[in-house]
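These protein sequence lines are chains A and B, in that order.
So for the first sequence, my numbering puts the first residue at 1; every next one is plus one.
So for the second sequence, my numbering puts the first residue at 1; every next one is plus one.
The hints are simulated quantities; they were obtained by calculation from the structure and are not laboratory data.
There could be a bad hint or two in this list.
So the derived list for chain A, only partly shown, Cβ under 7 Å to chain B, looks like this [to be verified]:
| no. | residue |
| --- | --- |
| 1 | Thr99 |
| 2 | Tyr101 |
| 3 | Leu187 |
List of simulated lysine-lysine pairs, DSS-like, C-alpha gap at most 27 Å [said to hold, decoys possible]:
| no. | chain 1 | residue 1 | chain 2 | residue 2 |
| --- | --- | --- | --- | --- |
| 4 | B | Lys276 | A | Lys193 |
| 5 | B | Lys300 | A | Lys157 |
| 6 | A | Lys157 | A | Lys103 |
| 7 | B | Lys187 | B | Lys276 |
| 8 | B | Lys276 | A | Lys157 |
| 9 | A | Lys160 | B | Lys276 |
| 10 | A | Lys103 | B | Lys53 |
| 11 | B | Lys304 | A | Lys149 |
| 12 | B | Lys300 | B | Lys53 |
| 13 | B | Lys300 | A | Lys160 |
| 14 | B | Lys300 | A | Lys149 |
| 15 | B | Lys55 | B | Lys96 |
| 16 | B | Lys187 | A | Lys157 |
| 17 | A | Lys193 | A | Lys160 |
| 18 | A | Lys149 | B | Lys276 |
| 19 | A | Lys149 | A | Lys160 |
Note that the structure is predicted; figures quoted are calculated from it, not measured.
Built from N, CA and C at the ideal position, the CB exists for glycine as well.
So the chains spell out like this:
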Amino acid sequence: MTRSKNNPGSLSSRIPGAVLLMLLPVIAVWVALEGRNFDAEVYGLDERDRSVTSGTRGPKQAPTPQAPGNLIPDSLLPPLPSNAAYRPSGPAEHYDTETVYEKINGAAPEYLQLGFRELLARTYDPVDPDLFGCEVFIYDMTTSENARKIFAQQRSKGVKAVNIGVAGYRFGATWFFHQASFYVNVLNADEGKEAERFSEMLARGVAQRIHALPAR
Amino acid sequence: MSMTSKKNTPPPAEDRRDFLKRIAAAGAIVAGSGAAALWLNGREVKEDPGLPKLKKYAVELPESTPRMAISRGSDARTMLTAAIDRVGGIHRYVQKGDVVLLKPNVAFDRPPTLGATTSPEVVGCMVALCRQAGADRIIVTDNPINNPEGSFLKSRIRRATEENGGEVLLPLARHFQEIEVGGNILKTWEFFLEPFLHATKVIGLPTAKDHNLSHASLTMKNWYGFLGGGRNRFHQSIDAVIADLGGLITPTLVVLDATRLLMRNGPTGGSPADVKPGNTIAVGIDQVAMDAFGFHLLGKDPEKAPYLKLAEARGLGVRDWRSLSPPDIQTG
């Protein structure tokens, strides 16, 4: 004999059933409360939720390619004469507040604290393989006051002031100056007239192009 | 039997037993789930026991062997050889058949004259010494901030390595693996493990330079180069991470290249005006003492470096480097 579907059963069988049904919402509330403390790392579900002390990020990311939203135009870099002692090693690189670490790592916080907005960097390889090369860094510090501050903060001792930008100095073939909201470094550790001539041409070319920029 | 008549009829004993079995089973499942949840609740998350750990690469030293030696002069080879001789000689640390991992600082694609990277002369001399000691392979590597190929090229470390019989290992994505760091703040991290899979000896070869965040970058900070991407996220807690790395890596030897000193604007530098001749090399096994000595060379107060206090508190060495009575050799 089979029991009918509509048979509600005896009181002794209905009470445990009712207790179980009442337990379900309690379990649901408990699960919801526990869910507030969910830790994705326990289950390895979502790397974005992982804490800083336990990561699985791979090697460093590639430099940021130029994007349409870059604030510093590549045209700030002057074209080179055909007989220049250095050649661009690749396209200009752009770094913003998120990616600047990829270029200057531990130096980045100093710039970020002083309003850093964007970095345009370009490397020039020497024609003479015994030389090291030259690099240009153009930091947009948002305001001219910020650019002056980072320039003053990083100014080396015993360097020769030169007439470029608002203020500048050089040491060998290395030039530093600030102009408008920009802090410009032309880094060149090579010695000799060729290196000095190239760095000066680059530094003065950048300064002229910053001067020609429309007011922002 | 009709439905109406069934209502007033108690269910047969078989049905009742079946029903009670089902209730008991359901109750057991609910109770079991609840008990399991209570058991799991509040349990500590354990590290994956499968993550690799680094072994220790230190060698046994007699009590009488100094834990640190300083050498001053103008010739890197003479200075390095003299300093290593005072801590037992290269054969104490490197034997025939060893695979030696040398870790210079090659963080940036900068010329050596800017002081941001280890001097190629010192790297070359160290490779040659390991070769003389009978090492089978000498692997020179780092995970630079800038392009690895350009960094090893411009720093001239590739040339110095290869001319002296070593090999440069450039980092590739497949060389990185998550390991157990077991530090106070750094629990696990993606690590440049590949060279450690082959190495029987590990020698740190940092340059001595200023650092914007940790005041100085010396022997323990140099291990940062083994960390995978995203390591800039540690800049907020750089001191704790440096101490963790000091605890993670127990090297065979550390060689502090202070032939040049980047006095300002580190770690990148850029102006030759910020670099001054250091004419010094220190070698030893106490990374804390070596770093404290590096602070001294850079004209900085080691008391201002929290990571040194943390490292000393963890028993990694002593900040009072003078207490080790290191031989201080003038090589001319």
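Next item on the list: Could you work out which earlier hints the structure fails to respect and list their numbers in ascending sequence?
Entry: 1, 7, 10, 12 and 16
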